[in-house]
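Q: As given, the protein sequences belong to chains H and F, one line each in that order. In this text, residue positions in the first sequence follow the numbering used here: the first is 1, and each later residue adds one. In this text, residue positions in the second sequence follow the numbering used here: the first is 1, and each later residue adds one.
The hints are simulated quantities; they were obtained by calculation from the structure and are not laboratory data. Some clues are possibly wrong.
[Stated by the list, open to error] A few chain H residues facing chain F, derived, Cβ under 8 Å:
#, residue
1, W73
2, R485
3, V488
4, G655
5, R656
6, A666
7, S677
The C-beta atom is built at its ideal place from N, Cα and C for all residues, glycine as well.
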Amino acid sequence: MEQLFALTPLIPVFPLLAFALIVLWANKNNKLSAGLAIGGIGLSTLTSWAVIAATVAAGHEVQIAGWSLPVPWLPTAASIFNTGFAVDGFTAAMLFMVPLVCTLIFIYAAEYMEGDPRYARFFAYVSLFAAGMLTLIVADNLLLLFIAWEIMGLCSYLLIGFWFEKDSAKKAGLKAFLTTRIGDVLLFAGMLFLYSRTGTLTFREIFKPEVLDELSRMLIWGLPASTVISLLVFGGAVGKSAQFPLHVWLPDAMEGPTPVSALIHAATMVSAGVYLVARMLPLFAIVPQGTLSWVAIIGSVTAFFGATISIAQNDIKRVLAYSTISQLGYMMIALGLGGFLAGVFHLLTHAFFKALLFLGSGSIIHAVHHGAEHADDHHTDPQDMMNMGGLYAKMKRTSWAYFAGTAALVGIFPFAGFWSKDEILAEAWVQWHEAGSIGLPFWAWLAGTLGAFLTALYMGRQIGLVFFGKPRSKAAEHAVEPGNRMTVPLLVLALFAAFIGFINVPFIANGWLHHFAGLVHEPAEVLHLEAVPFQISVALVSTAVALLGFFLGWGMYRNLKAGQQDPLARMLGPVFTVLKNKYYVDEFYKFVFIDTTVALANFSAKFDYDWVINPIVNFVGNTGRLLGELSGRIDTVVVDGMGVLGTARLFKWMGRELRLTQTGQAQNYLLVIALVSLSLIAMYLFGI
Amino acid sequence: MNNLLLLLPELIILIVAFAVFILDLVWGQERSNSSVFPALTMLGALGAVIATVFIWAQAGSGALQLRVIATDSGGALSMLAVDQFAMFFKIYAALTVGLVGLVSTDYIRAHTSFRGEFYAMLLMAGLALMLVASSTNLVMIFLAFEFLSITSYLLTGYLRDNDFSVEAALKYFLYGSVASTVMVFGFSLIYGATGSVDLRDIATALASADGTVAGYLVMPAIVLIIVGVGFKIALVPFHQWSPEAYQGAPTPITAFLSVGPKAAGFALMVRILTIAFPGFAHTAAANWVAILMGIAILTMTFGNVVAIWQTDIKRLFAYSSIAHAGYMLIGVVAIAPQYVGGSQTIEGWSQGLNGLLIYLLGYLFTNIGAFAIIIAVENKTGSSSISKYAGLIKRSPFLAVAFFIFLLSLIGIPPTAGFVGKLFVFGAAINQQMFVLAIVGIVNSVISVYYYLNIARQMFFEDVEDSTPITVSGGLNAAVAISLALVFAIAIFAQPFITWTTNSAQILASSF
């Protein structure tokens, strides 16, 4: 089995190859392109399974310490820079989720994207996207991870702006790219610090206890190096995983085709940030009360705040987008409280059920869109839930799958989200009770529990609006279930949403995932990695709020008539308007950053052209011309010589003059040899 | 291993060269178009590479100190060293011959009716390169050096009906003869001072010689040797033959001249200076590092600024290759250990040399790749004027893009081999605290952007006068593809190449 580890580097290669083949060869043939993309990711999935099997068989030691394949790459002054691949329990767990979810999304997309003029290009991009994520997972060092990270950044830009004829899509792509870039720069700065302080970017080298210890005692800007570096790394994750305050790009990312949303929200992009924090967790934790608290605070704020926005959105995908932001906040809470596995567990389960919900919403949009075409109606927005209603009767398969995803997200026993979200809340609960006072763990628990209520509320609202009541538009009346290639992936994902939670249930196999993936940071000796015991009180409270929230939402919205006012808007009044406008964060950013930048640019331009620089330049120029006219040719040469062009002119002049030494006369050349030899010798003989 | 087996690479080249001569003689004019000649050349080059690798492997990883000895009644005289340093250049020479053979076929078919001999001469020139790189005594050095010169003259004047070719060869010959004479005069001074022609014996003798000898005989001799070698490398001010020889020579031979003799010259310079005159590198009275430093600065600057004005691409590449020789010379200058207080380790010592070798390797593939394209364009348009590159992107996208990449490598932009070479030589200069040298090198790299990208501008942005596509034979295509692959490989998978050059460079370290 050990030999199977050697397959690891191949995992990202298959989709990469698919990308290359589609771009270079198959791009004229839609079927072939989709086939190549699905084949590539399918092979990755199979290879991943082989590697997972090897990890399972290799036993506990390997699951913790990991298998690795260092590849010497660039010699630097101090040492040879290694890149390479590594697999441990955590990686193996990710390898189970990522390629599988990607495969299902690709199969789904093969039908969803039909009729698109850039069908082949779509599959090329998503293949590259998947290759980026898979590289990120199997990288054993931050540099390779960063390269993959940037590839994903590029792909997200290309895919979100895939329908670039739409102005909004073009802008959304740019917004995603620029916003995540802020995080990328921070991450890169963190990497530079880390490399300059330790001389390595390989994870296992950084996490040696002595290296960590040294990092915690070195200072950067008066703070422990580990704190500064981990804050910068966290900055990268905040961008990529859409945490407050860099969350603004994710809802706009809905402009991309729905399979892309599923890809970004579940298997790839946003997982990368959480993965990064989880991977680097020992560095975050080495100084107590350091970065981790910030992770927990940002996570709590995001979890609560994302959920509140979500209840006021009407676009089916935007509800899910804010839901993702909120759920990512939960993962950050877990990691911030040091609950490594709780965060990872939620990352895995969330990927399955969020992919399911997104693909489900895609299926609904697809159906409504077809309905709208059937009814010859081109004004109805197929993504607006206010135009839906009563779809359960028309789309049985999608509905049931969607219900399973909803149950998992809301946290209904025994669906996946119940186990993973509860582990996070239990982590906070236990730490609160151990501390015995109201502190960060309490606030995290409170934010999480309130968030759980809101989650249930917006999902209840969504289910009520979409599936129940009477159709509120012609389009919804004529909606039809899409074909098998779209519904079968949904059903498969529904199975996972229902049962994947059991891999880490304390009563079954003794919390298997915990032993398999939860101890990878043991060698670093900084984190307490014991599993939290199951907390029945936490489970009861969160189940109660979930059921309450869900039925509240469902009850209020299930019989909403067309044109009727939104019940929550009536209840909440101006608060609802604030939520609907996402707390005006986008407007705030536009006002503070974009408008001021534009104003500054205008100001600078005015400064240049009208007020200062240009007048000065003109003045200098006029003076120069005057002087030139007065004192003739010599002055012109001087003024020219002072310009930037002067240097170029000097070299050109030198070249032109020196060129003349090439006379073509052999006797001249020979004279040069003689003179040069003699003068060099003379230098030595006479000591000149 | 016995002496003959050690010479296996040389023997293979020699036998193939004779085979080509004889076949050409027997078959006569009618069959001189045969592909057998280039094929044999390629096989010979490949065989030489394999044989060299084989000998290297036989010797294991340790430092090789094998040498070929000639004996007569007077005693044993060491002639050739078969060490890793020499073997690096043997592989280099074989690759040069193979690649030049690959790009020659079309050109030779189009320009002359005497074809077989060309390949034989090319192989002989390759053999001369190998001998120059491994000679260890002054007599053998002179013989090998002249062998290389004479084959180069013949190849330059190979187009005997073309006045330019003949004139170029004649000038090259006149200049080369004088330079050789100057050098051999230097040798005679050394023999007079030490009574020996063996490089190691010279070093031993000089170590115990008194200061007068050093001041009045050895240093002038070193100057004279630098003149001779400087001619071969085309260092300023011993470069004047090169623009005319490059322009007049058959284009494949221009490619050969720009990489082969240059590398051999460097091999010779490094071997003589480090083995025979380590004590003269940087002392108050005798200081070859200072001379070379001055020459390096002159060479880089002169080559680059004059290149700006060239309108003929072969002439431009002549000056470009002068400038590159200047960069490479930094690698030789940076080998002096005295600059860092005498506490230099062997690793640090060989860094400059390592840079020289990796630079040469990258330059080989970059330049031959570029020349392959120059040949393709010349075959089509019949001219080597830079204006003929206008709109190349429309006529052959592959050639235009490939040429652009070679130009980037010549400028030294990552991820190309040219970047790695510059990184190492400039890095070595900085490590030795020779900041002036590094700064002049970097400023010159910037100047070079101007004329290299001027070609790119022509290719991509100028209008085409004649838009017929340029089709290229398989051989040229293969040469471009191989060169492209290696230009990237050296930059991206740098480690094996660097290990190789480091192993080759360190063998000379024991003498310091």
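Q: Each hint: holds or not?
A: Going through the hints against the structure:
{"no.": "1", "hint": "W73", "verdict": "7 Å, holds"}
{"no.": "2", "hint": "R485", "verdict": "38 Å, violated"}
{"no.": "3", "hint": "V488", "verdict": "42 Å, violated"}
{"no.": "4", "hint": "G655", "verdict": "4 Å, holds"}
{"no.": "5", "hint": "R656", "verdict": "6 Å, holds"}
{"no.": "6", "hint": "A666", "verdict": "5 Å, holds"}
{"no.": "7", "hint": "S677", "verdict": "5 Å, holds"}
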